[in-house]
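So the protein sequences, as listed, match chains A and B.
According to the numbering used here, the residues represented by the first sequence are 20 to 347, in order.
According to the numbering used here, the residues represented by the second sequence are 22 to 840, in order.
FYI, nobody ran anything at the bench for these hints, they're computed from the structure.
Cross-link-like lysine-lysine pairs, in silico, DSSO-like; alpha carbons within 30 Å at most: (1) Lys62(A) with Lys46(B); (2) Lys250(A) with Lys454(B); (3) Lys170(A) with Lys62(A); (4) Lys250(A) with Lys668(B); (5) Lys46(B) with Lys250(A).
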Amino acid sequence: MLRLPPFRYHRPSTVDGALGLLGEFGDDAMLVAGGTDLIPNMKHRLFEPAHLVALRDVDELRGIREEGDRLRVGAAETLSAVASNPDVSRLFPALAAAAGHVAGPQLRNAGTLGGNVCLDTRCTYYNQTRFWREALGWCLKKDGDVCHVTKVGRKCVAAHSADTPPVLATLDATLLLAGPEGRRELAVRDFFVADGIANTRRQPHEILVEIRIPLASARLRQAYAKLRQRKAIDFPLLTVAVAAECEDDGTVVRIEGVVTGLGSRPRILTGWDEVAEGRVLDDEVVEELASRAHRQCHPLDNIIVDPEWRRAMVPVYVRRALLDLRAA
Amino acid sequence: MKSDNDLKATSLIGTPMRKVEGLDKSTGRALYTDDIALPGMLHGKILRSPHPHARIVSIDATAAEAMPGVHAVITGRDMPTRYGIIPWTPDEYPLCLDRVRYIGDGVAAVAAVDEDTALAALERIEVVYEELPAFLDPHEAWAADGSTPYIHEPKKEGWNGNVTKMVHLEFGEVEAGLDEADVVVEGEYFFEGTTHAPIEPHCAIGSWDGVGRLTVWSATQVPHYLHRELARVLEVDPASVRVLQPLVGGAFGGKSEPFDLEFCVAKLSMRTGRPVKILYTREEVFYSHRGRHPFHMRYRTGATRDGKLTSVDAQILLDGGAYASFGLVTTYYSGQLLCAPYAMPAYRFDSTRVYTNKPACGPKRGHGSVQPRFAFEVQVDKLAERVGLDPIDFRRRNFIGEHTRTVNELRVTSNGFLECLESVERASGWAEKFRRLPFGRGVGVAGSTYISGTNYPIYPNEMPQSAVQMQIDRSGRVAVFSGASEIGQGCDSVVAYIAAEELGVPLEWVRVLRGDTDFTPVDLGAYSSRVTFMLGNAAIDAATRLRRLVQEAVGEAWEVRPSEVLLADGHATWAPDTARRMPIAEAFNLAEARSGTLGATGWYNTPKDVHGEYRGGTIGASPAYSFTAHVAEVDVDVETGFVDVRKIWVAHDCGRALNPVLVEGQMEGSAYMGFAEALMEEHVFKGEEQGRAGLHHAPSLLDYRIPTSLDTPALESLIVESIDPEGPYGAKEAGEGPLHPSIPAIANAIYDAVGVRLDRLPFSPPNVWRALERAREAGSLGKPASPGAGRASAAGAHDADAPPPGVAEPASVEAVRGD
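So that you can see chain B by itself, here it is in the shape it has in the complex:
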């Protein structure tokens, strides 16, 4: 939806602006959930399972309950209702009922006068467990035959209870496409799990007023879903539940479903009549997890001699951890989001998500598609090399185009991918670098796409996905009531920019009242990169209604056409003669006198006819797709295995940058996060041989390494604006897409540097060193050959400037056909 304030160019949109809450955050004034203390507030703690898989035989809390200062102890029996973010896979209880499924699973909760008393009380709760064999390896979980208890009860007799979801989708003639291909590359890839590591741990406060109203403050990114689940699980009328979302100190997908602490603070408050707060420890943040799934992936990809993809075949095993979380969607996303920006004549994916006795995996920035994108973009790099093409050229040749459909029938509208490729190619000096840098240094490229929200909400309904309410004060101040989840990405700012843009008021006059389900219209939450697109359109909708009232009133007063009245720069101005103007507050007062109190709602709902006509075809459907390309330049220390990423050029088609500073922040943050996953992050667990199966390897930010500022490469953001026909002012997403290519671009750069393929994450020094050692033994360490150098028939001659071809044979398994 474009604004119809067509007579003027935008004045604020597209310019660098401060975040509306930025100053409060940088001065420490901003309130996060843990900053809130209520009179009489108690503190809660959750007792967690030390076993990866066990039956709860009994829980005796009498000693804990008898302790001075302890106000209540609750267990699973107090909230025996299953929940789950996806309505089809509810498989969790707020506290475990009769079975624990990972080390860290919640078993009981205490409310006490202070944290120390609550902690002491936890030690007095006697839980008797009967240990069960644990499944840690997803392959073993998948192969289970029921001879030891499954992690969950099978949905049907004879089914494997360790399987969350299987998806098999096939488009076009996959085997024929592979048969026709001149080159087929087969590869096996492994993406190690990673977690979000937000700086703010999860925190929630529950307050029951004693007469039926429940209020919960939470560091959540989905207040609306939390609202629904609290009402359902706690059996409180939804009209009596209020969820407040203070500012959130980072989320990245790790706070996008209800967590045990939110139910526990509510229940403990209902039990005690006093407010109760629970703040996770860092260790608990690691256990609650819901981070990126480990993926075991196999790809077969075919291409013609002239570099056109013919067919893609993928097999993926997702290691889901103990609960479903978003896993049903993750399983679909693992395949559905791969079909752009390259045209694929045929595509098949076979994805299975299994349960294991580890913390549950879920959505992390780039949900479900970062892992396959890593594998696929490395596949593409291998194919390009096989057919003797520059990998950027190869990608260009397979460009899917704009205003088209993917092989899996998803509608693609605007598409700036070619411009993204060109931007990174030019900015990075690609032509002078690829295959030409000295041994040990290399460049790599990768591309990707991502959704701007999902067309279908998590629970089926026809209502708007996002809405705002706006009202205008006689002073000229504009209040926006927004239910969107500000998690640092800037959605409060976006609605303020739009209100200021459309109503012509200074940005400082806009107040955003947010994060309160009692007073703000429903927005579904901060996930799937939906907010700018959907909330932005809703805000334009509301502001446009108000603007028209003002234009009509001023037009009437001036006896001119309303459409000739411009609202900008704090004034209403007559377009044909801009000397004729009045202060905007005066214009608002005219409108209020004419139409009554100035308020409007605005909303957005997604198009529902742009998906595939098959089971699962709605998953992955989005009103618009963003596109990204990265070039990474790396140094590989061949002696130690250290990879130094010198720089990443990030080009991203965000449709239109409403505020380029925020877009660049998202692009840099995304590229950083991908870089971190590429080089360092490993969310891993001990095996039996390390003393305790399923025990988190090291749940702290000291040992779970995320890069410091010193480790972070130079990042250059190159904004590409394709002006989407349906986005607000043409905008699409920028928060997740720019993460995807980081990892494969780095992998491809490492190959360019030393001729070693890294098909398993992370590229940590020990892992890289081992790969280098293997290559050294195999004699394959060396600069790869230039495109064309290994293909005598192609260019006819070696490029004179190119270094002599090294050992061209990559270390991974590849099958070449037709050569």
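Pulled out of the complex, with its shape left as it was, chain A reads as follows:
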């Protein structure tokens, strides 16, 4: 069995307490919620923090409830809790579906929505043991200066591999972050940056407190589709989240698609409104949207599964998601 590097474990009960510990230990500290991603990564020696600040006792990070004009989901709510929550299922079925598609039941019982939003990027050349990475030669994202995916690039292209952020983006969700300088709110769609090494705008010493979803988004028709080879456990090879505001007769007012599992951040598909606005989602429109998605998505060898096939699956999964949305 792989060994964990040694660390001290802290368990504060408030956000301020956690922030204090982060301030005290600086770069030697990392946050842990469910640990389902961090612990394997530590075993792979991708991170060797001297201090882990656990969020499990911080009550403020719990709770799924309506607050004003939004649903707030505490960042430390587990993916199981999100997937099975009646309000989430009723208002945002695509989010429930995405949360329910992460890994397997045991991991969803431990892994959290906040952790999924902040999930480290993944790459076949990165998520490996230290022995393996050393035999290969270090990479840009960890200890090296070469990207084994692109061979030439100076930019890390590790893949954003989380199931829930694409859905949250289509639902216009925002994130509440707490840091030493106070709290701020960021839209999920603005949260990610195209840098595989650190692909979010969360500062190392900020804590994701809650995910806020406007209740107004409940009127959107939503769907989620995930490409994976097994029916459980696997990270996405591709995910598609779609949402549309439609008139009663099905005429599209606004439509959005977000795809991930390709590059370092979720890709917000462009040009969709100009295709679909004012039209009903008939087969022709669906095909046109799917083909626009296809043109915009170029999977890389950052995941070991055949990128040409993954690219070919983009229009298929976009179409399938749109057909689900149409039926919703």
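Given the coordinates of chain A, assemble chain B onto it according to the supplied hints.
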């Protein structure tokens, strides 16, 4: 050997029973090797090569040895004796001596107070390597001319050191048979390598007592061979070596030879005087491998117009990885095990195993014969289509029969293959489905055979292959000392069932003391599906000796014939008047008073006159063969390439099901494993262009995908009992045979669904999608024609219910002659 307790029908055998260790396993009480912690135990780690092929220039361990908490560091020089499971091909050292041959090859080992200290010490060992060009492609390894160093030294001057073994065997007139055939199908097939992925990683503990006795606990499936090799390599008297085998958490062939960690824990314990444990990481399990060889195969198969095979010609290149392992046997098995259940008038195979700079391949469930069976059963499907026959009918017409010899002279006794075919045909609703399901859904069939153990042990000797010792306590309790390897397949249960059956005691009264070479007689190990057949016969032998003593004592007391005394249901009973009975313990006490302490040994040895009279003719010879047929039903998503196997019907002739629950478990487990290899598993390595030649693609269970329960098809087990004349109560094997047809049945079902032949494994979505794309471009995607539809002369008319014939031309290369 049948029991001679002939006056009664069996009472336990054939009924569903619990596994004797089942409750301990399900409650967590069962002890596996890693559960054992000894006082003062140290932890070991092995330093592994980051290079696929290199000379070791120097190793400097002084810094590691100086670290606090480090007790010993050893290198190849500490154990400079070659070993190998096959006595003719020893080519491994416990730790590499002067050359590393794959990424992951062991170079040095450390014993320290804990794992973290041992790991830290590994980083302080300085190894200087001189890199050598690596061979990854078996074709290149085969074509090598010595201009760059071979992977191993050639056995003779001028030979290719990259070749482990070449086998060329020919039976009958192969070319003439092909010439006479009305139809010849030629096909090229590729079987990607797969690994065992047992849930329990390899683990071993060594303990040297300081005065000459060495004890090793190991998650092995071959304690006896481990015993021999430990003694030889470590230069310890075999009488002073004790191997203990705790329960094993899955093996599947992946623990059937000695591994570096077993030698290392022993040597480190001898060096430190303290027990030492090594537990592999999952990554190390992938590197130690010994899994299924990648096979590159070409077949030419001929048949007459009325569907009789005339000749089979096979050429096979086996990609063996860095060491020989069982490779000599694998090379023979790649050809020898194909000659049933169909009669072949002529057969030739030409198999070559080469070394490559990758983890060594070895035996995995269905050793050496799963790959050719895939290719051949697809060939048969193509032939059946060519001659316009239903593929089940085609197989039936070529049935080899029972009590016969194969073309390669192997003796076949009981043979329930026809019943297997009929079972899957009926249960699957074949007649309504084949070529009649809508486009995208299909059914496929395949058949196979497998050995129930090998007639010849791995090292030549005349001694029994399996033995047990049994003793009876005055309470009625029966103790069985069994050296067989319980790896989850149920051999401890089998001896308990037999003891209970023969001696008439409740199953709960039987204790199986197992897995300890100091106290149990030799059984050669859990491999080649030998255990139920051989151990079962040995157990019957021992129990029968004891039973006779009891029958004689009771017969004497009752003044009746001993053969009229039945031992069953906890009583001794007089057969002519069953009201006359006594509790079994009382009967045992009578026997003990009359004959002395009740104990007996029993053993089994194989018949030695049932093989072929040619070099290699003993390999593949078995006292009995099992037979299997599968029908698989699949949905193919033609847009994505996803194949959804809806159901597999598995009919298996196991001779007799001693416990039908365990047999069904083996059948389902086998079919699952074959299904997994068909759809998902790929044990593959990076090339130079992917950054590092020979680096395992992704050595983890996240990326090496085996199906979850959600992915697994419905499996229906159909037990066929042919009652083998030499098996225990008529039993044959059930642990490996039922794997074989899964893969070709799925391949054939995919063809029935969409008209696309998949001749390369795995049928993963990207691979299937590419094949579908090619077919789409070629315009050949579509439901294949019904049998007879493409053959106007045959039935005379199309079947009215059949869908209109689609595009009949399959995508693969075929040559048709005589049409």
